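2 protein chains.
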Amino acid sequence: MVNLLPDPIEAEGWVCPAPLRDSPTIVMGHGGGGALSAELVEHLFLPAFGAAAAGAGLGDAAVVPVGGVRLAVSTDSYVVRPLFFPGGSIGELAVNGTVNDLAMAGARPLVLSTAFILAEGTALTELARVAEAMGRAAAAAGVRLVTGDTKVVDAGSGDGVFVNTTGLGVVDDGVDIRPEHARPDDVVIVSGDIGVHGVAVLSCREGLEFGTAVRSDTAPLHGLVAAMLATGADVHTLRDPTRGGVAATLNEIARAAGVGIEVTERALPIPAEVRDACGLLGLDPLYVANEGKLVAFVAPEHADRVLAAMRAHEHGRGAAVVGRCVAEHPGMVVARTGLGGTRVIDMPLGEQLPRIC
Amino acid sequence: MVNLLPDPIEAEGWVCPAPLRDSPTIVMGHGGGGALSAELVEHLFLPAFGAAAAGAGLGDAAVVPVGGVRLAVSTDSYVVRPLFFPGGSIGELAVNGTVNDLAMAGARPLVLSTAFILAEGTALTELARVAEAMGRAAAAAGVRLVTGDTKVVDAGSGDGVFVNTTGLGVVDDGVDIRPEHARPDDVVIVSGDIGVHGVAVLSCREGLEFGTAVRSDTAPLHGLVAAMLATGADVHTLRDPTRGGVAATLNEIARAAGVGIEVTERALPIPAEVRDACGLLGLDPLYVANEGKLVAFVAPEHADRVLAAMRAHEHGRGAAVVGRCVAEHPGMVVARTGLGGTRVIDMPLGEQLPRIC
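Each protein sequence line maps, in turn, to chains A and B.
full-length UniProt numbering puts the first residue of the first sequence at 1, with every later residue one more than the last.
full-length UniProt numbering puts the first residue of the second sequence at 1, with every later residue one more than the last.
Bound-form chain A, shown alone (with noise of 0.2 angstroms):
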């Protein structure tokens, strides 16, 4: 993408530019984790970083080897409008998320840092409940709150409460687990219902409420991690299926892998006041967000093993076999419906509910 860009703007006399009104622009699906986010890293962002993120992939952590250990490393900010809603607030999903993407290397989550972009005129009390959420969630998830920062932006520059979290774990040895390394006749398991955290925001959403019992289902998934690593399993991918849903995680793991991916609609644990509040509002659960969720590959000689210490944990007890992985169609996702038909599940372009996290 270096054609985008204009003659440098540091030259002899140094002129403030313009903003450039005639470029393409970031559009809101840039942000939802399907394939225009994709494109923004790999067309944008990493030519533009360059030599400095040589090796840096689209994953959701990176593993970086310090002193014998191997760290991995996850940011994520968290936008999520409005920030309260049932079952969680921004902090939940400040401290789960970032909890998550480390687990889903394997890694055992360690301490966060935590910084703020509030805007002027939030409310202090509204503050105080978010960092509460937050020292709450970290509590139970067993990581250390260790250094932080707060920006402050005027008000119409930003949007109440902005949270970035950064985590660190530790990747023990002998794991090694990568969305690359999915294979044929892998099965893939599902941690619980899904659809659960996309439903459960929007019925709080302004203009957008219609009365639901849904509850987010915002959790850490590390305990649950450790449950299933400790059958001895070969676990060989782990993702949670946040922004673009169960649909978008499984097309990347599918491309990243070079495997095609088979679904069985049926066997989709999808909750009916899911079903009914998607089927209101024109959305397929397969591509809504989850908080509290978890897809797997395992080899099939261990899959009984794995979905039973799933079951046995607080945080896998809906968990069910999905689908599979197969040689066919590499790179594609496909589902079978309930009438013995398939169809295509798409990466999704963007996010059908922005700023669900």
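Rather than coming from a laboratory, the hints here were simulated on the basis of the structure.
It should be emphasised that the depicted structure is a prediction, and the values quoted were computed from it without experimental measurement.
Ideal placement from N, C-alpha and C gives every residue a C-beta, glycine not left out.
Hints are not guaranteed to be accurate.
Said to hold, decoys possible - One-sided and incomplete, this derived list gives chain A residues near chain B with beta-carbon spacing under 7 angstroms: (1) ALA48; (2) ALA51; (3) ALA62; (4) ALA139; (5) ASP159; (6) PHE162; (7) LEU268; (8) ALA272; (9) HIS302.
Please build the complex by placing chain B on the supplied structure of chain A, with the hints as guidance.
Here is chain B on its own, set in the frame of chain A:
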């Protein structure tokens, strides 16, 4: 600040809470790095985080033992306006600022995470220019950009480009540099001209253009720190005087260490252009942000050695002794004026120039 909290909103029937209109609110100064920022951390964040933040302090970096090494972690969000200014951009600040926070803990910076919050409608060319600046700055500083995140908020909810970077570095054995280590008789050294960054940004800010030749001093300082430490001198405390300027930095250290600080006004390296611009705008250069300078507190018997090492380094050529620590008036910073009098250098409440980094 628990008394600020309203009743828990998570009761039997969940009700989406209305905004709290009658509460004290966030003001620009809460992000200024002065007394209001410290108050927010001490009276809101730390109590709200509770046990999860036990041991966390007000330092710019935390040091965490992991696998036999002491890992420094620092996070900062950058919201500077405008994005581009004489001598740099938000991209250089986002890299150098976090590198410097690590360096001020005596750490060797290794990797950064990068997280963007973008407003819908931001020009891709502008974003690419920011990312290229980050790539160049990271390469120059010898740090790798290992993982990232992008969120997009609707136009009107965000303001172009906000960047968070979180940095990791390693603190070598025997190095233990912190604000509370300053002690009476320590010599206070500044690494060069002060007030430059703030004036450069201001010169470019909408409505305040006054044609100046001042360019931001943004620079990575870990090489300078390494040169200082290589002398074997007792360097007790280091700090980069960003938001709130040298005045805020000296006050923080005086309080943290329980020492008094005496500054000789005439010894402060303030370029004529900065002095003129500050005069015009009614600003005090001592309170104006720097992005490529450090303040060092050094044992008196080692001060000459450290000063010589600093002056031999490209980022310390203008290094000067500007004062010393005293046992009197602990927690207070006093300047000896050119006329032989003294004046108190107060902790700034907020920041004279909001959104300077």
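Quick rundown of the hints versus the structure:
Checking ALA48(A) against chain B by beta carbon gives a least distance of about 3 angstroms; that is within 7 angstroms, so the hint holds. Because the beta carbon of ALA51(A) sits about 6 angstroms from the nearest beta carbon in chain B, less than 7 angstroms, this interface hint is met. Of the supplied interface hints, the one on ALA62(A) holds, with its beta-carbon coming within about 4 angstroms of a beta-carbon of chain B, less than 7 angstroms. Against a cut-off of 7 angstroms between C-beta atoms, the interface hint on ALA139(A) holds, since the closest Cβ of chain B lies about 5 angstroms away.
With 7 angstroms as the threshold, the beta carbon of ASP159(A) comes within range of chain B, its nearest partner Cβ sitting at about 4 angstroms, so the hint holds. This hint holds: PHE162(A) has a C-beta 6 angstroms from the nearest C-beta of chain B, less than the 7 angstroms allowed. The restraint placing LEU268(A) at the interface with chain B is violated, with a minimum CB-CB distance near 26 angstroms, outside the 7 angstroms limit. The beta carbon of ALA272(A) is not positioned within 7 angstroms of any beta carbon in chain B (closest approach about 19 angstroms), and the interface hint is therefore violated.
Look at HIS302(A): its Cβ only gets to about 29 angstroms from chain B, farther than 7 angstroms, so that hint breaks.
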